[in-house]
Amino acid sequence: MKREEELMTKLAFIVDRYREVEKSVGDPEVVSNPTRYRNLMREYKKLTPLVEIYQTLAAWESDWNQCQEWILTGDADFVALAKEEMPQIQEKLEKGYAASRLMLLPRDEADDRPVMMELRAGTGGDEAALFAGDLYRMYSRFAESKGWKVQLVNANEGTAGGYKEIIARVEGEGVYGWLKFESGVHRVQRVPETESQGRVHTSAATVAIMPVAEEVDIALDLSDVRRDTYRASGAGGQHVNKTESAVRLTHNPTGVVVECQDGRSQHQNYEHALEVLRTRLFEREREKQHAEQALTRKTLVSSGDRSAKIRTYNFPQGRVTDHRIHFTSHALPSILGGDLQGVINALHLAEQAELLAAQTTENT
Numbered sequence: 113m114k115r116e117e118e119l120m121t122k123l124a125f126i127v128d129r130y131r132e133v134e135k136s137v138g139d140p141e142v143v144s145n146p147t148r149y150r151n152l153m154r155e156y157k158k159l160t161p162l163v164e165i166y167q168t169l170a171a172w173e174s175d176w177n178q179c180q181e182w183i184l185t186g187d188a189d190f191v192a193l194a195k196e197e198m199p200q201i202q203e204k205l206e207k208g209y210a211a212s213r214l215m216l217l218p219r220d221e222a223d224d225r226p227v228m229m230e231l232r233a234g235t236g237g238d239e240a241a242l243f244a245g246d247l248y249r250m251y252s253r254f255a256e257s258k259g260w261k262v263q264l265v266n267a268n269e270g271t272a273g274g275y276k277e278i279i280a281r282v283e284g285e286g287v288y289g290w291l292k293f294e295s296g297v298h299r300v301q302r303v304p305e306t307e308s309q310g311r312v313h314t315s316a317a318t319v320a321i322m323p324v325a326e327e328v329d330i331a332l333d334l335s336d337v338r339r340d341t342y343r344a345s346g347a348g349g350q351h352v353n354k355t356e357s358a359v360r361l362t363h364n365p366t367g368v369v370v371e372c373q374d375g376r377s378q379h380q381n382y383e384h385a386l387e388v389l390r391t392r393l394f395e396r397e398r399e400k401q402h403a404e405q406a407l408t409r410k411t412l413v414s415s416g417d418r419s420a421k422i423r424t425y426n427f428p429q430g431r432v433t434d435h436r437i438h439f440t441s442h443a444l445p446s447i448l449g450g451d452l453q454g455v456i457n458a459l460h461l462a463e464q465a466e467l468l469a470a471q472t473t474e475n476t
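Going by this note's numbering, the sequence shown opens with residue 113, and the numbers climb by one from there.
I should point out that these hints are in silico values taken from the structure, not numbers from a laboratory. Where hints are given, some of them may not hold.
[To be verified] Computed list of lysine to any residue pairs in SDA-like fashion (alpha-carbon distance at most 20 Å, straight line):
{"#": "1", "residue 1": "K276", "residue 2": "G234"}
{"#": "2", "residue 1": "K204", "residue 2": "Q180"}
{"#": "3", "residue 1": "K261", "residue 2": "I183"}
{"#": "4", "residue 1": "K114", "residue 2": "K195"}
{"#": "5", "residue 1": "K158", "residue 2": "Q202"}
{"#": "6", "residue 1": "K276", "residue 2": "S252"}
{"#": "7", "residue 1": "K261", "residue 2": "R249"}
{"#": "8", "residue 1": "K195", "residue 2": "I183"}
{"#": "9", "residue 1": "K195", "residue 2": "W176"}
{"#": "10", "residue 1": "K157", "residue 2": "R131"}
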């Protein structure tokens with residue numbers, strides 16, 4: 113069996129880095145610097161599984177070498193034992209090498225961040241707003257199944273229900289990594305409740321999943337931000353229409369406008385709006401980087417184009433189709449009920465296949 117020398121060398125370098133980070137997080141100077149400590153702890157957590165698989169592979173390679181030594185002894189009992197053990201060890205090593213190659217694939221540093229999830233009704237009038245509401249419930253239930261926290265930031269309800277626009281902050285382990293492929297246009301085909309002829313209509317809603325920006329990510333000059341307050345409207349508590357608790361922020365250099373009215377106070381709405389503003393500006397920068405990367409590597413899974421139609425929910429056929437990877441499921445009620453894991457797993461597998469193919473091409 114051929115030992116994966118290059119792969120094990122990469123993993124060995126990671127083990128060295130892991131030991132450096134492990135030593136640093138115990139340094140009082142580092143502990144007293146919250147930003148540096150947090151970043152190092154993130155790196156420590158990210159490196160830990162790679163160190164564990166390296167140690168496991170090294171142990172299996174040691175077992176393989178031991179078997180070869182037994183064969184060289186010529187002793188019949190040792191040779192028989194080696195021949196019995198080696199196929200099992202080889203299978204473990206091959207699977208371990210394959211798993212570690214996946215773990216070494218380029219990873220988005222934002223995968224572990226919380227997200228701002230923005231849903232907007234598109235074409236289809238009231239039906240589009242109702243569909244946006246359906247999508248929000250779908251994501252909320254999926255978040256609940258993962259143990260994540262969903263916090264409503266702002267909502268603009270539709271006249272017949274649902275939402276013209278809704279923004280929520282979702283926090284938990286690996287949130288952006290799980291949801292990042294959901295950005296784009298989602299289309300629904302069904303008979304609206306208001307349709308008397310029973311005709312199927314097509315409506316759409318846009319989903320944007322953005323990793324939450326931290327203050328260190330964006331140098332936001334507050335002198336560039338105009339702040340307006342107004343009375344909140346719609347659901348939001350006792351303060352509605354009594355105090356100017358709603359906040360609108362306008363970033364003058366870019367024209368980005370953020371509104372927030374669902375907090376309990378003007379201060380809370382201001383803080384939420386400021387976080388959304390930072391996140392949108394951060395996402396603009398990330399989109400520029402993605403556009404540059406797209407010139408060298410085209411990916412079906414994540415185009416970064418929110419105007420692209422990515423998924424159709426067809427009620428007459430009970431079908432959900434993700435157009436990027438030609439994934440189809442006939443479990444539409446279950447998926448809209450929050451059982452998204454199968455769809456998301458398929459998208460992740462497609463991305464891994466693309467990255468492995470690109471890596472193979474680069475190495476040849």
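Now for the hints, and whether the structure bears them out:
For the proposed pair K276 and G234, the alpha carbon gap of about 8 Å is at most 20 Å, so the pair holds. At most 20 Å may separate the alpha-carbon atoms for a hinted pair to count; K204 and Q180 meet this at roughly 16 Å. This hinted pair does not check out: K261 and I183 have alpha carbons roughly 57 Å apart, beyond 20 Å. For the proposed pair K114 and K195, the alpha carbon gap of about 17 Å is at most 20 Å, so the pair holds.
The suggested pairing of K158 with Q202 is violated, with an alpha-carbon distance near 27 Å, which exceeds 20 Å. This hinted pair checks out: K276 and S252 have alpha carbons roughly 17 Å apart, not beyond 20 Å. Restraint check: the Cα-Cα separation between K261 and R249 comes to about 14 Å, which is no more than 20 Å; the hinted pair holds. For a cut-off of 20 Å, the pair hint linking K195 to I183 stands: about 8 Å separates their Cα positions.
Distance restraint check for K195 and W176: the Cα-Cα separation of roughly 11 Å lies within the 20 Å cut-off, and the hinted pair is therefore satisfied. A hinted pair counts as satisfied when its Cα atoms are at most 20 Å apart, and K157 with R131 qualifies at roughly 12 Å.
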